[in-house]
Amino acid sequence: MEAAELLEISWRSLWVAGLATLLAALPAVPLGLWLALKGGGGIFGRILLYAGLALPSVVVGLFFYLLLSRSGPLGSLGLLYTPYAMVLAEVVLAFPLIAAFVLSGARGRVEEVRLLVRSLGGKEGQVLPTLFWESRRTLAAALAAGFGGAISEVGAATLVGGDIRHHTRVLTTAIVVETRKGELESALALGFILLGVALLVTALLVVLERE
Amino acid sequence: MRFALAPLLLALASVPALGLRLATTTSVYDSGLLDRLLPAFERATGVRVEVLAVGTGQALRLAERKDVDGVLVHAPDLEGEALKRGIIAQPFCLAQNSFLLVGPQRDPARIREVGDVLEALRRIARAQAPFVSRGDRSGTHLKELELWRKAGITPQGGWYLESGAGMGQTLVLAAEKGAYTLSDLATHLTLGRKLGLEALYRREDPLLLNQYTYYLVPRGAKAKEAETLRRFLATEEAARLVEGLRVEGSPLFKPLRGRCIIPEGGGR
Chain W
0 MEAAELLEIS WRSLWVAGLA TLLAALPAVP LGLWLALKGG GGIFGRILLY AGLALPSVVV
60 GLFFYLLLSR SGPLGSLGLL YTPYAMVLAE VVLAFPLIAA FVLSGARGRV EEVRLLVRSL
120 GGKEGQVLPT LFWESRRTLA AALAAGFGGA ISEVGAATLV GGDIRHHTRV LTTAIVVETR
180 KGELESALAL GFILLGVALL VTALLVVLER E
Chain H
0 MRFALAPLLL ALASVPALGL RLATTTSVYD SGLLDRLLPA FERATGVRVE VLAVGTGQAL
60 RLAERKDVDG VLVHAPDLEG EALKRGIIAQ PFCLAQNSFL LVGPQRDPAR IREVGDVLEA
120 LRRIARAQAP FVSRGDRSGT HLKELELWRK AGITPQGGWY LESGAGMGQT LVLAAEKGAY
180 TLSDLATHLT LGRKLGLEAL YRREDPLLLN QYTYYLVPRG AKAKEAETLR RFLATEEAAR
240 LVEGLRVEGS PLFKPLRGRC IIPEGGGR
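Taken in order, these protein sequences are the chains called W and H. Each residue of the first sequence is one higher than the one before, starting from 0 at the first, in numbering that gives the first Met the number 0. Each residue of the second sequence is one higher than the one before, starting from 0 at the first, in numbering that gives the first Met the number 0.
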């Protein structure tokens, strides 16, 4: 495989997973914090959220396939077999990962933060933003988990992306294709790039977290 | 995290408009045939083609849901049925080659010496020698089932393995298990030989004819572009490109230039 195509596939993997992580984090982070504030969201809330961690990616892929297919309810959008369909599916997969990480990270600090806010004369409404600020370190881990889940995903990416060359092929689907063709060296090289990209992004998050 | 947003937005803006979607079989894709044909087509017409490599069965399902605009497939019975139901239209016979029985060099069922493919299958079943089936409703799988039926055998038991995978992966499995399998010529030449599998039965046999046909999906989103591709495939340039595809000197496909038996529909 040529360097240009390798770069293209890596870049697509990166932005699809990155965008999915950001879109998932927007609702997942507040949800995780809010559940922490409510004492963990009750047993049912937690069961539901943690069950989301076991969401099979092919089921998510199948669901979005049926939804986005031209014969499906959202078919007129023409989103099936585009990178955006992959982003959508990966948002759903990254969402519980991020929310669960934020919840478990913030849960232990709620009382501490509440006392802190009160002692400084703050109102209850200020607890959530303070909690967010105080758990920013967990946030890096949560984003890394969400991103890691999204970029290493292959089942849903294949179903809704279709692994179209120059269009929806990403690192994981390319590994499947190269293996299928018996090009094991290319597949292995792609695997190392995938590991490298994941390592780089995680390193970036950890460095940011230190500040 | 704010600075991470800029390249993401940039990436969003740089995604090109949708092109014509063509569903095809893994054998056509992995052989490199489309890598020869499509760049020439895109240069000549400016129409971009996005290729989905799936089995024939899945390609026709995609056509039924209008998720693709054209298909290039090789299962005459399925195609006939889909033609009748109006899922696909306007066949153009593009290329042909043949199926062959491949297997381990030591040939435990001794099919090398057989003069008839059905007899070869009977020998494999009698010896209970491992046989890998695609099991995925692809053109190759349907051909295999047809051959077993004609041989009067219902393949079942521990020796009959279903891979549920594309041709390449099935050849890998066959090589690992020391098993026989039915392969198309192109994938065997590009991959099977590398794995140490041998073409044990490869005669000129009408039963083993493998014919690839292009169809339009009526009222697809890119019907005009699909028609443009049909016209291109009918050109002498396309036929020459098909003919010129070789692996170590062996041609992979023979161009049909539109001349072949069009499936009538239903079982033949």
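I should point out that these hints are in silico values taken from the structure, not numbers from a laboratory. Some clues are possibly wrong.
If you want the ones that stay clear, here's a sample from chain H, every Cβ over 12 Å from chain W, calculated [unchecked claim]:
#1 61
#2 122
#3 164
Calculated cross-link-like contacts (lysine to any residue; reagent style SDA-like; alpha-carbon spacing at most 25 Å) [claimed, not checked]:
#4 83(H) / 68(W)
#5 223(H) / 177(W)
#6 65(H) / 182(W)
#7 193(H) / 190(W)
#8 193(H) / 177(W)
#9 193(H) / 136(W)
#10 65(H) / 166(W)
#11 223(H) / 175(W)
#12 193(H) / 76(W)
#13 83(H) / 69(W)
#14 193(H) / 174(W)
#15 223(H) / 178(W)
#16 83(H) / 71(W)
#17 193(H) / 175(W)
#18 65(H) / 71(W)
#19 223(H) / 190(W)
#20 65(H) / 74(W)
#21 223(H) / 166(W)
#22 223(H) / 53(W)
Virtual Cβ for every residue (Gly too), placed ideally from N, Cα, C.
For the pair supplied as a hint, residue 193(H) and residue 76(W), confirm whether the alpha-carbon distance does not exceed 25 Å. Not satisfied, since the Cα-Cα distance of roughly 44 Å exceeds 25 Å.
Is the Cα-Cα distance between residue 193(H) and residue 175(W) 25 Å or less? 19 Å, holds
Given hint residue 175(W) paired with residue 223(H) - CA-CA distance at most 25 Å: 32 Å, violated
Regarding the pair residue 223(H) and residue 53(W), is the alpha-carbon distance no greater than 25 Å? 44 Å, violated
So if I understand the rule, the pair passes when the alpha-carbon distance is 25 Å or less; does residue 65(H) with residue 74(W) pass? Given that 25 Å is the threshold and the Cα spacing comes to 10 Å, the pair holds.
For residue 223(H) and residue 178(W), compute the direct alpha-carbon distance and say whether it is at most 25 Å. 35 Å, violated
Is it true that the CA of residue 193(H) sits at most 25 Å from the CA of residue 174(W)? 19 Å, holds
Going straight from one Cα to the other, do residue 65(H) and residue 71(W) come out at no more than 25 Å? OK: residue 65(H) and residue 71(W) at ~10 Å, within 25 Å.
Run the distance test for residue 223(H) versus residue 177(W): straight-line Cα separation, threshold 25 Å. Violated, because 33 Å separates the two Cα atoms, which is more than 25 Å.
Verify that the Cβ of residue 164(H) lies farther than 12 Å from every Cβ atom of chain W, and report whether the claim holds or is violated. At roughly 8 Å from the nearest Cβ of chain W, residue 164(H) sits no farther out than 12 Å, so the non-interface label is violated.
For a C-alpha distance cap of 25 Å, please report whether residue 83(H) and residue 68(W) respect it. Judged against 25 Å, a Cα distance of about 23 Å means the pair holds.
CA of residue 193(H) to CA of residue 177(W), is that 25 Å or under? 15 Å, holds
Going through the hint list in order, the structure does not satisfy hints 1, 3, 5, 6, 9, 11, 12, 15, 19, 22.
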